[in-house]
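Residue numbers (full-length UniProt numbering): 1 to 41.
Hint data in this document are derived by calculation from the structure and do not stem from the laboratory. All C-beta atoms in this analysis are idealised placements derived from N, C-alpha and C, irrespective of residue type, glycine included. Worth double-checking, as some hints may not be accurate.
[Stated by the list, open to error] Cβ-Cβ distance ranges computed for the label pairs, FRET-style:
1. Arg35 - Pro8: 20 to 28 Å
2. Ala15 - Arg35: 14 to 22 Å
3. Glu11 - Ser40: 22 to 30 Å
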Amino acid sequence: MTDTVPRPTLEAVAARAGVSRATVSRVVNGSDGVREPWPSG
Numbered sequence: 001m002t003d004t005v006p007r008p009t010l011e012a013v014a015a016r017a018g019v020s021r022a023t024v025s026r027v028v029n030g031s032d033g034v035r036e037p038w039p040s041g
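Go ahead and model the full structure; you've got the sequences and the hints to work with.
Structure, rendered in C-alpha cells:
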C-alpha cells in the first residue's frame, strides 16, 4: 500500500502566505494579474 501526502488547500496556502484564496488561485492558474510584493523595510 502506498501512503499519499495530502495536498494543501487553497485556504491553507493563503493563510500561510497572508494573502486571499483568490490570489492563490490566480497564481496556481498562471494569471497575469498577480505582481510581486513590495519590498519591506
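Status of each hint after checking the structure:
At about 23 Å, the beta-carbon gap between arginine 35 and proline 8 stays in the expected band of 20 to 28 Å. Between alanine 15 and arginine 35 the Cβ separation comes to about 21 Å, which falls inside the hinted range of 14 to 22 Å. Taking 22 to 30 Å as the suggested C-beta distance range, the pair glutamate 11 and serine 40 conforms, at roughly 24 Å.
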